[in-house]
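Visitor: Spelled out, the chains give:
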Amino acid sequence: MLCLVPLLWLLWDTFTGNLSANPLEDITHRTGLAGLRILVATLAVTPLVRISGWSHLMRLRRLIGLFAFFYVTLHLGTYLLFDQFFSLAGIVEDVAKRPYITVGFSGFLVLVPLAVTSTNKMVKRLGGARWKALHSLVYAAAAAGVVHYLWLVKIDTRDPTIYGVIVVVLLASRLWSKRVKRPS
Amino acid sequence: MLIRRAQDIRSSEITEESLYWDRRKFIGASAGAALAALIPVAPSLMRTRQDEKLTPYDSVTSYNNFYEFGVGKDDPKHNAHMLRTRPWTVAVEGAVHKPKVFDIEEILRKYPAEERIYRLRCVEAWSMVIPWMGFPLASLLKEVEPTSKAKYVQFVTLHDPEQMPGQLRTVLPWPYMEGLRLDEAMHPLTILATGLYGKMLPNQNGAPIRLVVPWKYGFKSIKSIVRIRLTDQEPPTSWNQVLAREYGFYANVNPDVSHPRWSQKKERRLGKIRKQDTLPFNGYADQVADLYAGMDLSRYY
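Going down the list, the protein sequences come from chains A and B.
Residue numbering for the first sequence follows my numbering, starting at 1 and increasing by one per position.
Residue numbering for the second sequence follows my numbering, starting at 1 and increasing by one per position.
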């Protein structure tokens, strides 16, 4: 599974000493980036299916989403453990006072109910329409991820801007296809 | 090559620095131990002073912020070979009686390098301990004789996108510029470094000559200097020009003044897992705090 590549790569680099002189920062950055990339990939599934007609991809969408949650959780865990050592005061201060952490943490919180309701059982219990409405929150999470990235870079905003543009394009394609469908 | 290797350094040249460290150890061991029994905070103060292991050479030379060679931490190591450090000149000019363009070889010959072990605290909240080879900036400035008008010193890095491919993108306005107040520049802790670990300065660390101001955030310690200009007004500095709210002219290490987006209370010493407390003026307060007597450090950050 493609989604395991970032993790295996990170583990490989960790154990072969290929990380930089600040390995904890590398782990934080790489899990965060993998989470954002895979989250963007889940948003790309539906438009891709629409264009290509590969409908079997739809079945993978929830799994890909869970991988995104997995990396975001690792990312948050690295921060809680190595940046804060689970110091509650430090975490509360960061979440309250550092906007990029506030927005990143909010993004994680948004993902939690989505991950919890990702089983077949939960889809049935909620019903398709309600499940879909709930899971459109994934756009909020992706936006939070992009803003979190944008606000933490020192000055070179090129990469977060690229992710921002991709998310906007994917969201626009969704809205546009809805409008096209409606009259028919 | 005139940079002296460790075994060439006469003990008289390094006494000052080693005495400094020994004094710390001595105070830590004797007075500190005695005090520790009486004052509960003493052990924690001592701990921050004792743990000063040198950051390995590989880390010092592979983890760099030197945007002229790319914004990634490992970019400078991979791209800095494009920089030609010979021939190299440093123009010292402005409010001085004897402006002069120094050839780098003349500087190396005239101002023998001595070892200075300094902490380096980056504004990004990581830190290193580096054995620099260098000489006091004051020596060079005295040679050109600053006039009474000289109040500040401006430093400028080489601007040549062919040698510094990072300059092809306008991440920062090029050339990189930094500045100090004259009294900061003349302070004995302020050095021009030409080497580290007893070797010539690697390109990614700012060859052939760079500034090191250990009580300020790392971005003040400008690399690959080609011009030093004495002025009567506070000179423009690169990070301050693009993000004035985040990067001040002074940029003294200060755990009590947060960066607007992150805390400066703690730092990660490279090679360690737990973060440690950041000290005011990066632990050099007893030597430099009086430069800022009466100044509001939260305003002049």
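The hints are simulated quantities; they were obtained by calculation from the structure and are not laboratory data.
All C-beta atoms, glycine included, are put in the ideal place defined by N, C-alpha and C.
It cannot be assumed that every hint is accurate.
Taking lysine-lysine pairs in the DSS-like style, the calculated list, with each CA pair at most 30 Å apart, reads [what the hints assert, rightly or not]: (1) 97/A with 272/B; (2) 142/B with 154/A; (3) 110/B with 73/B; (4) 73/B with 97/A; (5) 178/A with 121/A; (6) 98/B with 53/B.
To spell it out: a stretch of chain A is covered by chain B in this simulated footprint if at least three of its residues, at any positions, have a beta carbon under 8 Å from a beta carbon of chain B; those stretches are [what the hints assert, rightly or not]: (7) 12-25; (8) 85-94; (9) 98-106; (10) 153-164.
Visitor: Could you work out which of the previously given hints the structure breaks and list their numbers from low to high?
Guide: 2, 3, 6
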